Amino acid sequence: MNTAFRSALVLEDNPLIAMDEEAMLKKLDCPEVHVASSVADAESIIGHHAVDFALLDVELDGETSESIASQLLSKKVPFAFVSGYDDACGLHGKFAGIPSLLKPLSDSALQDTLRALGLL
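Start counting the sequence shown at 23; every next residue gets the next number (my numbering).
Worth double-checking, as some hints may not be accurate.
Okay, the calculated beta carbon distance ranges per label pair [claimed, not checked]: (1) Asp51 <-> Gly115: 27 to 35 Å; (2) Tyr107 <-> Pro53: 29 to 37 Å; (3) Lys48 <-> Ala118: 29 to 37 Å; (4) Asp51 <-> Asp83: 24 to 32 Å; (5) Glu65 <-> Lys116: 13 to 21 Å; (6) Gly115 <-> Pro53: 29 to 37 Å; (7) Asp108 <-> Ala72: 28 to 36 Å; (8) Arg28 <-> Leu95: 19 to 27 Å.
In silico DSS-like pairs for lysine-lysine, Cα to Cα no more than 25 Å straight-line [to be verified]: (9) Lys49 <-> Lys125; (10) Lys98 <-> Lys116; (11) Lys48 <-> Lys97; (12) Lys48 <-> Lys116; (13) Lys97 <-> Lys116; (14) Lys98 <-> Lys48.
Keep in mind that the hints were calculated from the coordinates and are not lab data. If you're wondering where the values come from, they're calculated on a predicted model, not measured in any experiment. Ideal placement from N, C-alpha and C gives every residue a C-beta, glycine not left out.
With the hints as extra help, turn the sequences into a complete structure.
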C-alpha cells in the first residue's frame, strides 16, 4: 500500500495496544513507527524525529495526551486520538476537528482515518 507518511508516533500506555497499533501501521507500509508510553517519551521522539502522523491515546497513566496534540497541531502534523470512550474524554475546542478512533482500533477504522487525512 502506498502511504504518504514515512514516520509515525504511537502514544499508548498499554503495551499490548501499542504493539497492535504499531503492527497496523507497519502493515500499511509505514517504515518507521516510534512508540511512546508517556508524554515525556513522546516529547523526546517529536524532538528527535520527523513524525508525519500520530495516534494518541487520550488517557494515559495519570496524564493526557493534550500537550502532545497541541505540539502536533503547531507543527501541522496530522494525528488522531484513540480512546476507549465514545466522546474522546471530552477533548473539544481546538481539537474539535481531530479524528477520534474508538478502542479496540480496527484496521478499517485506521485506514478510513488515514484516507480522510490524505495519507493513504
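Taking the hints in turn, this is what the structure says about them:
1. One distance hint, 27 to 35 Å for the beta-carbon pair Asp51 and Gly115, holds here, with the actual separation near 34 Å.
2. For the hinted restraint 29 to 37 Å between Tyr107 and Pro53, the CB-CB distance of approximately 32 Å keeps it satisfied.
3. For the pair Lys48 and Ala118, the supplied restraint of 29 to 37 Å holds, since their beta-carbon distance comes to about 30 Å.
4. In this structure the hint that Asp51 and Asp83 lie 24 to 32 Å apart at CB holds, the actual value being about 31 Å.
5. The hinted window of 13 to 21 Å between Glu65 and Lys116 holds, with their beta carbons roughly 19 Å apart.
6. Checking the proposed 29 to 37 Å range against Gly115 and Pro53 shows it holds: the Cβ atoms sit about 34 Å from each other.
7. Checking the proposed 28 to 36 Å range against Asp108 and Ala72 shows it holds: the Cβ atoms sit about 33 Å from each other.
8. The beta-carbon spacing between Arg28 and Leu95, approximately 20 Å, falls within the hinted interval of 19 to 27 Å.
9. The suggested pairing of Lys49 with Lys125 holds, with an alpha-carbon distance near 18 Å, which does not exceed 25 Å.
10. Between Lys98 and Lys116 the alpha-carbon distance is near 13 Å, which keeps this suggested pair within the 25 Å criterion.
11. Simply put, Lys48 and Lys97 have alpha-carbon atoms about 23 Å apart, close enough for the 25 Å limit, and the pair holds.
12. For the suggested pair Lys48 and Lys116, the alpha carbons sit about 29 Å apart, so the restraint of at most 25 Å is broken.
13. Annotation: proposed proximity of Lys97 to Lys116 holds, straight-line Cα distance about 14 Å (limit 25 Å).
14. Proposed proximity of Lys98 and Lys48 is supported: the alpha carbons are some 22 Å apart, at most 25 Å.
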